[in-house]
Amino acid sequence: MNRTLQTMQYLTKSLKRVTFFSIFVVLITVIIADYIFYKTGGFDPGRPIETRSMAFELVAGSFAFLIGLKYFRPNFNVALANGISRKTFLLANLPVAALIAVVFPVSNLLMIQIHNVFSPISTMSEMIFPLITGWLWSLLFQFALYFMLLIGGWFITFIYYRSNALLKWIISLIPFVFFIIPIVDSQFYYQSIHPVLKNSIMWVFHQPARPPLLMLIFSAILAAFTFLLIYRAPLKD
Amino acid sequence: MSRIEIRHVSKNFGNTVALKDVTATISDGKICGLLGRNGAGKTTLLNIITNRIFADQGQVYINDEPVIENDKIQGTIFYMTEKTLYPKETRVSEVFKITKGFYPSFDLEYAASLSDRFKLEPRKKISSLSTGYLTILKLVLPLASDAPITIYDEPVLGLDANHRDLFYKELISHYNDAPNTVILSTHLIEEVTRLLEDVIMLREGAMLLDQPVESILQLAYTVSGDQESVDRYTADKKVISHETLGRYKSATLYQTRTAADDELISQLGLELMPAKLQDVFISLTN
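So the sequences go chain by chain: G and B.
Going by the numbering used here, the residue at position 172 of the first sequence is 172; the numbering climbs one at a time, nothing skipped.
Going by the numbering used here, the residue at position 165 of the second sequence is 165; the numbering climbs one at a time, nothing skipped.
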């Protein structure tokens, strides 16, 4: 059998359990949300029936990111232990990541369909961005989001893997810069950065095709960078 | 055919020189010993052969194909390392199944039979295995892989004498059935001497020897007897080690022995014995 197929088969088996666990957590989140809704009188027949949004993307997206972060490196070790090249390993990971990125939204949509029989719910993105209408767009949006987060997990894992101690510290501190800037120089932030961010977000969500397309383009860029990082990566302890 | 050619390989780790222009050939279907003291560069060389790290200079070829990022070639090698590369929560039986996925020729029945003989429990997780049993698990994998090239780095680490004996017997029996290329990197030279056909010896990252064991042992011999006679015989010869006990002396030499030498040994009444590979190793690497 082709070495890429062998690796894909291994990766699918290796990530099967955590993928189902993630779906289980999403389900539990829905149940808890329903329980809170019930406890606060949400299912009162006297109240008008409203579509509620649930944090499907938040939970599934967090798991997609964690899968990318936690499993990429151990699987890299297993691949090298079995004579798989770095290129083949990365190529085999892409369709498996795509599969996970499909399984998550499909299971979310199934949950929504079943739930809608009793009480209407929707995803967060559908509520926040009304342009995302219909199950196909929702599926595409979520697919692109989870795929990007998975690859983002790989990228961060390998940035750390290839960095020395100093660089690891610098990378770890980068996210805090975004929190510190508005506090340290609020005038600069609100005059220069905030309008750019706001306009960019507005532009992205102006067309329903833009968010998934941009996320997929960003995924491709991250995958390319991950390849550059993994290409000559030595095996470490 | 699985001929390994190491051509001018050098590798540094920061300021530490791990390998210095190493060139060697490992012939097809031979059991080759990779010997050297701690830090001599054995594991570094094996890691380069198996694409786990990269050489700074030089290249390794298997059947004239470079090994770097070569799936086809790497699929013909099974490398047993000191490091455990599987997640610690993986069960022994799962490791076998994973290996079968990557090496279709991996014999699950043989692996089960070996596990049984070594008393390795397939249901145990890697994290719960002792050092010895972890080594056994790592030994079962290359033995059952049926890969054309199997590499063992410290294969008997933490094994008791019985398990070591069982491993050597199994290795020989397996080799007799399918004479693939085997590389053994170990410090227990005396135990593996009977298995080895070729030897590569490294000292401080540099190549010291790349020869058949037979020709090394043909060159090395020990003479013993009266101190004066031994000194007279060894006066103009390459002595690699010697021991003195009172008036008794033994000296190990490393050079071609001629008929004239044999005659002189006889005339001086010295005892002639074959040298041990370990003695040659100690002398050459000191």
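These are calculated hints, taken from the structure and not from any lab test.
Just so you know, these numbers come straight off a predicted model, no measurement behind them.
You may find that some hints are simply not true.
Looking from chain B toward chain G, a few residues come up when the C-beta cut is under 10 Å (computed) [to be verified]:
{"id": "1", "residue": "53"}
{"id": "2", "residue": "54"}
{"id": "3", "residue": "81"}
{"id": "4", "residue": "87"}
{"id": "5", "residue": "97"}
{"id": "6", "residue": "101"}
{"id": "7", "residue": "174"}
{"id": "8", "residue": "213"}
{"id": "9", "residue": "215"}
{"id": "10", "residue": "219"}
{"id": "11", "residue": "221"}
{"id": "12", "residue": "233"}
In silico EDC-like pairs for lysine to aspartate or glutamate, Cα to Cα no more than 20 Å straight-line [unchecked claim]:
{"id": "13", "chain 1": "B", "residue 1": "30", "chain 2": "B", "residue 2": "271"}
{"id": "14", "chain 1": "G", "residue 1": "87", "chain 2": "B", "residue 2": "121"}
{"id": "15", "chain 1": "B", "residue 1": "119", "chain 2": "B", "residue 2": "170"}
{"id": "16", "chain 1": "B", "residue 1": "83", "chain 2": "B", "residue 2": "65"}
{"id": "17", "chain 1": "G", "residue 1": "70", "chain 2": "B", "residue 2": "89"}
{"id": "18", "chain 1": "G", "residue 1": "236", "chain 2": "B", "residue 2": "82"}
{"id": "19", "chain 1": "B", "residue 1": "124", "chain 2": "B", "residue 2": "146"}
{"id": "20", "chain 1": "B", "residue 1": "276", "chain 2": "B", "residue 2": "214"}
{"id": "21", "chain 1": "G", "residue 1": "87", "chain 2": "B", "residue 2": "228"}
{"id": "22", "chain 1": "B", "residue 1": "72", "chain 2": "B", "residue 2": "89"}
{"id": "23", "chain 1": "G", "residue 1": "16", "chain 2": "B", "residue 2": "236"}
{"id": "24", "chain 1": "G", "residue 1": "13", "chain 2": "B", "residue 2": "94"}
{"id": "25", "chain 1": "G", "residue 1": "13", "chain 2": "B", "residue 2": "82"}
{"id": "26", "chain 1": "B", "residue 1": "97", "chain 2": "B", "residue 2": "121"}
{"id": "27", "chain 1": "B", "residue 1": "237", "chain 2": "B", "residue 2": "262"}
{"id": "28", "chain 1": "B", "residue 1": "88", "chain 2": "B", "residue 2": "69"}
{"id": "29", "chain 1": "G", "residue 1": "16", "chain 2": "B", "residue 2": "71"}
{"id": "30", "chain 1": "B", "residue 1": "20", "chain 2": "B", "residue 2": "71"}
{"id": "31", "chain 1": "B", "residue 1": "237", "chain 2": "B", "residue 2": "170"}
{"id": "32", "chain 1": "B", "residue 1": "237", "chain 2": "B", "residue 2": "204"}
{"id": "33", "chain 1": "G", "residue 1": "236", "chain 2": "B", "residue 2": "146"}
{"id": "34", "chain 1": "G", "residue 1": "236", "chain 2": "B", "residue 2": "243"}
{"id": "35", "chain 1": "B", "residue 1": "83", "chain 2": "B", "residue 2": "190"}
{"id": "36", "chain 1": "G", "residue 1": "236", "chain 2": "B", "residue 2": "154"}
{"id": "37", "chain 1": "G", "residue 1": "87", "chain 2": "B", "residue 2": "279"}
{"id": "38", "chain 1": "B", "residue 1": "169", "chain 2": "B", "residue 2": "191"}
All C-beta atoms, glycine included, are put in the ideal place defined by N, C-alpha and C.
Each hint, compared with the structure:
The criterion of a C-beta within 10 Å of any C-beta in chain G is met by residue 53 of chain B, whose closest approach is roughly 4 Å, and the hint holds. Look at residue 54 of chain B: its Cβ gets to within about 6 Å of chain G, closer than 10 Å, so that hint holds up. The criterion of a C-beta within 10 Å of any C-beta in chain G is met by residue 81 of chain B, whose closest approach is roughly 8 Å, and the hint holds. Hint on residue 87 of chain B holds. Least Cβ distance to chain G is approximately 5 Å, under the 10 Å limit.
Hint status for residue 97 of chain B: holds, given a least beta-carbon distance of 9 Å to chain G, under 10 Å. The restraint placing residue 101 of chain B at the interface with chain G holds, with a minimum CB-CB distance near 5 Å, inside the 10 Å limit. At about 19 Å, the closest approach between the beta carbon of residue 174 of chain B and any beta carbon in chain G exceeds 10 Å, and the interface hint on this residue is violated. Contact between residue 213 of chain B and chain G, as hinted, is not supported at the beta carbon level, the nearest pair being about 28 Å apart and thus beyond 10 Å.
Because the smallest distance between the Cβ of residue 215 of chain B and any Cβ of chain G comes to about 33 Å, over 10 Å, the interface hint for this residue is violated. Interface restraint check: residue 219 of chain B against chain G, minimum CB-CB distance 37 Å, threshold 10 Å, status violated. The interface hint given for residue 221 of chain B is violated, since its Cβ lies 42 Å from the closest Cβ of chain G, which is over the 10 Å cut-off. Hint status for residue 233 of chain B relative to chain G: violated, with the closest Cβ pair at about 51 Å, above 10 Å.
Using a Cα cut-off of 20 Å, the hinted pair residue 30 of chain B and residue 271 of chain B is violated, with the two alpha carbons roughly 33 Å apart. Restraint check for residue 87 of chain G and residue 121 of chain B: not satisfied, since their Cα atoms lie roughly 35 Å apart, outside the 20 Å limit. In summary, the hint linking residue 119 of chain B to residue 170 of chain B is supported, as the alpha carbons are separated by about 15 Å, within the 20 Å threshold. With a C-alpha separation of about 27 Å, the suggested pairing of residue 83 of chain B with residue 65 of chain B is violated against the 20 Å cut-off.
For the suggested pair residue 70 of chain G and residue 89 of chain B, the alpha carbons sit about 14 Å apart, so the restraint of at most 20 Å is met. The straight-line distance between the Cα atoms of residue 236 of chain G and residue 82 of chain B is roughly 13 Å, inside the 20 Å bound, and the hint therefore holds. Between residue 124 of chain B and residue 146 of chain B the alpha-carbon distance is near 24 Å, which puts this suggested pair outside the 20 Å criterion. With a CA separation close to 11 Å, the supplied pair residue 276 of chain B and residue 214 of chain B stays within the 20 Å bound.
A threshold of 20 Å between alpha carbons decides the hint, and for residue 87 of chain G with residue 228 of chain B the separation of about 67 Å lies outside it, so the pair is violated. For the proposed pair residue 72 of chain B and residue 89 of chain B, the alpha carbon gap of about 29 Å is over 20 Å, so the pair is violated. At roughly 72 Å between alpha-carbon atoms, residue 16 of chain G and residue 236 of chain B are farther apart than 20 Å, so this suggested pair is violated. Restraint check for residue 13 of chain G and residue 94 of chain B: satisfied, since their Cα atoms lie roughly 11 Å apart, inside the 20 Å limit.
For the hint linking residue 13 of chain G to residue 82 of chain B, the alpha-carbon distance of about 26 Å lies beyond 20 Å, and the restraint is violated. Only pairs whose Cα atoms come within 20 Å are accepted, and residue 97 of chain B paired with residue 121 of chain B is accepted, the gap being roughly 15 Å. At roughly 14 Å between alpha-carbon atoms, residue 237 of chain B and residue 262 of chain B fall within 20 Å of each other, so this suggested pair holds. A distance of roughly 26 Å separates the Cα atoms of residue 88 of chain B and residue 69 of chain B; the hinted pair therefore is violated under the 20 Å criterion.
With a C-alpha separation of about 25 Å, the suggested pair residue 16 of chain G and residue 71 of chain B falls outside the 20 Å cut-off, and the hint is violated. Under the criterion of a C-alpha separation no larger than 20 Å, the hint pairing residue 20 of chain B with residue 71 of chain B is inconsistent with the structure, at around 27 Å. Proximity of residue 237 of chain B to residue 170 of chain B is assessed by CA-CA distance (about 41 Å); at most 20 Å being required, the pair is judged violated. At most 20 Å may separate the alpha-carbon atoms for a hinted pair to count; residue 237 of chain B and residue 204 of chain B exceed this at roughly 26 Å.
Proposed proximity of residue 236 of chain G and residue 146 of chain B is contradicted: the alpha carbons are some 27 Å apart, above 20 Å. With a C-alpha separation of about 44 Å, the suggested pair residue 236 of chain G and residue 243 of chain B falls outside the 20 Å cut-off, and the hint is violated. A distance of roughly 24 Å separates the Cα atoms of residue 83 of chain B and residue 190 of chain B; the hinted pair therefore is violated under the 20 Å criterion. For a cut-off of 20 Å, the pair hint linking residue 236 of chain G to residue 154 of chain B stands: about 19 Å separates their Cα positions.
Restraint check for residue 87 of chain G and residue 279 of chain B: not satisfied, since their Cα atoms lie roughly 45 Å apart, outside the 20 Å limit. The straight-line distance between the Cα atoms of residue 169 of chain B and residue 191 of chain B is roughly 12 Å, inside the 20 Å bound, and the hint therefore holds.
Of the hints listed earlier, those the structure fails to meet are numbers 7, 8, 9, 10, 11, 12, 13, 14, 16, 19, 21, 22, 23, 25, 28, 29, 30, 31, 32, 33, 34, 35, 37, in rising order.
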